[in-house]
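Visitor: Chains as they are written, first to last, in UniProt numbering: chain A, 1 to 781; chain B, 1 to 158.
These aren't lab readings, by the way, just hints derived from the structure by calculation. Hints should not be assumed to be uniformly reliable.
According to the in silico footprint, chain A covers these stretches of chain B (three or more CB under 8 Å from chain A) [unchecked claim]:
| # | stretch |
| --- | --- |
| 1 | 14-20 |
| 2 | 60-72 |
| 3 | 110-119 |
| 4 | 127-138 |
| 5 | 141-154 |
For glycine and all other residues, C-beta sits at the position ideal for the given N, C-alpha and C.
What follows is the residue order along each chain.
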Amino acid sequence: MSKNTKVVGHDAVRIDMEEKITGAALYTDDLPFGPNLLHMSVLASPHAHAEILKIDTSEAEKLPGVMAVATGKDYPQKYGLYLQDKSILPVDRVRYVGEQVAVVIARTKEIADEGCKLIKVDYKVLEPILDVRDAMKEDAVLIHPDLGDYQVIPWINPQPGTNISHVRKIRKGDVEKGFEEADFILEDEYHVPHVVHACIETHISVARYDYTKRFTMWNSTQSPHTQRHIMANALGIPHKDIRIIAPYVGGGFGGKAGISMEALTVACQKVPGYPVKLRWSRKEEFLNSSQRQELRATVKMGVKKNGKITALRHIMHWDVGASAEYGNNVVNATGFSATGPYFVPNVSIDSVGVYTNHPPCAAYRGFGYSEFHFGIESHMDRIAKAIGIDPVEFRRINAIKTDDEVAYKCHMNPSGMLECIDKVAEAIEWGKEEVSDDPDIVIAKGFASAWKAPAMPPNAGSSVFIKFSEDGSINVLVSGMEIGQGLHTAVAKFASEILTVPLDKIRVELPDTDRNPYEWQTVASHETWELGNATIRAARDARDKIFDVVSRAFHLEKESLYLEDGKVKDDLDPDFSLPFEDFVITGIQTEFNTWVGGPIMGIGSFIPEFTNAMVDPDTGMGGHPNVHYTVGAGAVKIELNKKTGVVRVVKMAEGFDCGKAINPDLVKDQIVGGFIQGLGTALYEVCIFDDKGKMLNTNFTDYKIPTILEMPDEMIPVIVEVPQPDGPFGARGMSEHTMIPVMPAVANAIANAIGLRIKDIPLTAEKVALRPLQKDFVPEK
Amino acid sequence: MVREIEFTLNGYHQKITVKPSEKLLDVLRDRLGITSAKYGCGKGECGACTVNLDGKTVRSCLMYAVEADGSVIETLEGFQRLGKKEIQEIYQKHNAFQCGFCAPGFIMSTDELLSQNPDPDEEEIKEALAGNLCRCTGYKNIFSAVKEMVEKRKGRES
């Protein structure tokens, strides 16, 4: 298709790059708010689980410079996107260490901090529940005793009277019969811990409430419209009176999806007219930015001798932390897809969200898929070895193909699964053995496949305005966030391709909910597909209006008009050429010296009209919960030091079927970036809690993320393009997917290197070095 | 107790009164309108606040403003004026950033590396940039931009 396109499918420098390399790009913390700017500090709970008996704020209120103090008495509302189980400020109970108990607004940050120290809180400390297995015991203390009263959307199933926030069940075929048919069955447990997004920009929100009751926020966010909606519901303010402005975002990865700390700045209502700023410190960011859910998974898989999978039972217990609201959709989405990218005839999946007294959890790049793929893809290697089939071949045998039935019995979209597997295997030189000159170093390879669908409500919409200026340039107004993934470059290309306006005459504007049209959220890797479709519709709308006015003014047939290089041309008259700047604002002068036309604008919107989330709660059947899947594979070559246990990934290859690479360079950049982020979670990232539920490693010294030193010497990103029929130019999303194969690929490489099967992430040097020294160690063959 | 300090910021003379407890990052951002130096961790761990002081990069979140008295400070805002836009252009060509939040810090570290060691090998490039954290790019494009910059300068000098 790129042969026929001018910009789509061709490389280009990102349209936001010049701003970013000159420092011109302004992030929320960079905006000036003048001398009236007030600062907010938060009093955090020292306990993971406690009743609040009394809060005394009187001393804090007396401190000179303190403007206001707010507690749960002022803002008792619960909020949440999928289940309203989150407190703006808690009234009677705290549920994790770090939970915000009160906020202080003051002239300076120092005074606000000082004010927090003067607040006295009497707690009755309760025993924290820190493990899903304890939380699921029959006599477990209820973390949300009022769960049955919370508002919830219809396809989320909380279980009042328990600590279960949601259950998604899939029952396809007859799983017991499937196991009976199997020649080999393997059952085991896998564990993936809590980790954090660790965006370099911490969360920040500035809010102002004015004397007309207008509420304006400037947030570092992936979800301006969703934040507006949640705030409007929680506060009872009309949507039109809440305005959210979203400047550039310094990393999101799901951590800035939905709403979290921004809800606290509602306390600006107590100081009308003053902007109030809350910026998480790095420590607060670790505690309060919606961690990734912990997963304890049990995988039971049966296969025939020929390698065909006959049955899968997959039970996933997700530690959703102290509130599940957004995280329930992770539980839901993984429930539908926890077969991995394979055709499995008989499936039983239980995906269960369980409350604990850990920090709240929610979306993280990959949306639960990275976590369950660790078990599934570890299992695939173990079974392949056990039945004597090459692990890559075993994946080929079972790979899901176009039109195959997925776990909820809908049919698989066009898919280049086999091509991804083959190209990645070729790139990593699968099967070619290498030996190091250093006797302590073992070189080995590991492989994993992956898939993921966008997880979103069936009515998640995108919309776009395109408006022309006098010089024929255009502004594309979207509310999809440029969080680094290159969305706005893709949007500009879609508009450019259809309107033939060159990229340097296009600006894509960051959201302001007053002015930019509606976007559900920039999450789920759905934007290139969904916002892309809306952009194409808006561009076509503008094009239709151009043809209409030109045909009316010049008495030409609309059907013979076309656009080229920012001009209107006519098939029937080679001499006709009308540049946009001649008419897109002023219109066209007629033979009677009147004018026709006027400023040209295009509008476009899109929702996936074929999706349906209302499945049978006992079987998961009857709906169409996912729009499509993106498939892929990843592989690593490692150098494992037997003495130190240090694993170094020296080469990686990852390939994904993105349908159509709108910006091939940026697709490759996503693969590289997602791989390195996944590598951190594979090798060493983990939130460490003490036995009272306090997170201990809340800084970058104790919680390591990869540096440039961890970058593999060789990285081979692979693009596969089997077009998505309803995608813009055939595209589907692929950003989150790039993390998914990393944990199992590295784990499989370690197993291939020294026979050590680690089932508990992260794959630390300690585990790699020490486990083989223990007496009961039996190497995997 | 406050103290008057003076320094040169991006070629312009500054005289400002600061408290002894004020960090250089906060003074640059909140009082002098510098936005390129970012708050990322407050503990010198991430490099987002990197600025150049007397020819060497410093973590401005760790440094007290009074320590900058009499110094020459450069930030990304001064690069065009100081004739250093070549580094920026090569980063742009390589699409070396995604969210861009860490970009100023990386460019400052690159500038320091190239001014002190015009011909760094691959390991030296990585060492020089290892104190700057990036969560988006996987570092590959940043690395390739710096490598090309080194090659380009070598070609010009030989």
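Visitor: Look at each hint and say if it fits the structure.
Guide: Here is how each hint holds up against the structure:
1. For the stretch 14-20 of chain B, the assignment as covered by chain A is violated, since 0 residues bring a beta-carbon within under 8 Å of that chain's beta-carbons and 3 are needed.
2. Proximity of the stretch 60-72 of chain B to chain A, defined as three or more residues with a beta carbon under 8 Å from a beta carbon of that chain, is not established by the 0 residues found.
3. Beta-carbon proximity to chain A at under 8 Å applies to 0 residues in the stretch 110-119 of chain B; the threshold of 3 is not reached and the given coverage is violated.
4. Taking a C-beta to C-beta cut-off of 8 Å, the stretch 127-138 of chain B contributes 11 residues in contact with chain A, enough for the three needed, and the coverage statement holds.
5. With a threshold of 8 Å between beta carbons, the proposed coverage of the stretch 141-154 of chain B by chain A holds, since 3 of its residues qualify and at least three are required.
Figure legend: structure checked against the earlier numbered hints; hints not met, in rising order: 1, 2, 3.
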